[in-house]
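For the sequence shown, the working numbering begins at 1 and goes up steadily by one.
If you are wondering where the hints come from, they were derived from the structure by calculation, not from laboratory data.
Note that the structure is a prediction, hence the values are computed from the model and not measured.
Just so it is clear, CB atoms sit at the ideal spot from N, CA and C, and this is done for glycine as well.
It is possible that some hints are incorrect.
Claimed, not checked - Label-pair distances were calculated between CB atoms; the ranges are:
hint, residue 1, residue 2, range
1, 74, 13, 10 to 20 Å
2, 138, 17, 14 to 24 Å
3, 27, 78, 13 to 23 Å
4, 19, 74, 34 to 44 Å
5, 52, 28, 30 to 40 Å
6, 139, 53, 41 to 51 Å
7, 139, 86, 17 to 27 Å
8, 28, 141, 19 to 29 Å
9, 139, 98, 12 to 22 Å
10, 39, 148, 26 to 36 Å
11, 10, 70, 20 to 30 Å
12, 126, 74, 16 to 26 Å
13, 139, 19, 38 to 48 Å
14, 138, 28, 41 to 51 Å
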Amino acid sequence: MAEESIAMLDVDHHIHLVPVKRVLMLGIEHSALKKEEMKNYEITCILRLSSEGGSHQLEDTIRLSFAAARMPGQEFMTELTFVQNHIIKKVFDQAMSGELGNVDPEDPLAKERGVSLGSIIMAEMLASKTLKEVLAHYGALPDSMIFTH
């Protein structure tokens with residue numbers, strides 16, 4: 001029988017299906033903004049899922065890279081973090097309510113068909129008009145936005 005599950009990566013990038021009823025918490029950690037090369041900057045967002053009886057730490061890392069003429073300041077980081085957290089919460093709430101789809105844990109192919117929570121969050125961030133507006137407002141180039149795991 002299908003039940004609501006969240007697909008989440010572990011530190012080795014293996015996907016795990018966690019039944020929603022066993023999820024305790026999703027932790028979010030944001031790194032400081034760092035300069036990569038020339039005018040490219042990167043911020044990392046780490047998602048950590050805690051579950052009852054979980055033997056592995058489930059963790060997914062989302063890296064946002066973008067170009068900007070100058071290093072954005074603390075105000076930018078505050079606003080960017082707020083927007084990212086809003087998107088993460090929206091997707092997590094959808095997953096917890098079963099809106100992202102149900103998976104049969106007895107199906108041997110379920111893990112291969114699963115899309116991780118981080119992948120869905122990255123797609124939502126990439127499509128976010130608000131996130132692009134924040135980048136543009138602080139001098140970054142929204143079209144240079146790249147997300148990676």
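Tested hints:
The hint said 10 to 20 Å for the Cβ distance between residue 74 and residue 13, and at roughly 32 Å that hint is violated. Between residue 138 and residue 17 the beta carbon distance is about 38 Å. The supplied range of 14 to 24 Å is therefore violated. Residue 27 and residue 78 have their C-beta atoms about 19 Å apart, which keeps the hinted 13 to 23 Å range intact. At roughly 40 Å, the beta-carbon separation of residue 19 and residue 74 lies within the given 34 to 44 Å, and the hint holds.
For residue 52 and residue 28, the Cβ-Cβ distance of about 20 Å falls outside the hinted range of 30 to 40 Å, so the restraint is violated. A beta carbon spacing of about 47 Å between residue 139 and residue 53 agrees with the range 41 to 51 Å that was offered as a hint. Range check, residue 139 to residue 86: Cβ separation about 22 Å, and the 17 to 27 Å hint holds. At about 25 Å, the CB distance of residue 28 to residue 141 agrees with the hint of 19 to 29 Å.
Between residue 139 and residue 98, the C-beta spacing of about 40 Å breaks the proposed range 12 to 22 Å. Hint check: residue 39 to residue 148, Cβ distance near 18 Å, so the stated range 26 to 36 Å is violated. At roughly 38 Å, the beta carbons of residue 10 and residue 70 sit outside the given window of 20 to 30 Å. The supplied range of 16 to 26 Å is met by residue 126 and residue 74, whose beta-carbon atoms lie about 24 Å from each other.
Between residue 139 and residue 19 the Cβ separation comes to about 44 Å, which falls inside the hinted range of 38 to 48 Å. A hinted range of 41 to 51 Å for the beta carbons of residue 138 and residue 28 is inconsistent with their spacing of about 21 Å.
Against the hints set out earlier in the document, violations occur for numbers 1, 2, 5, 9, 10, 11 and 14.
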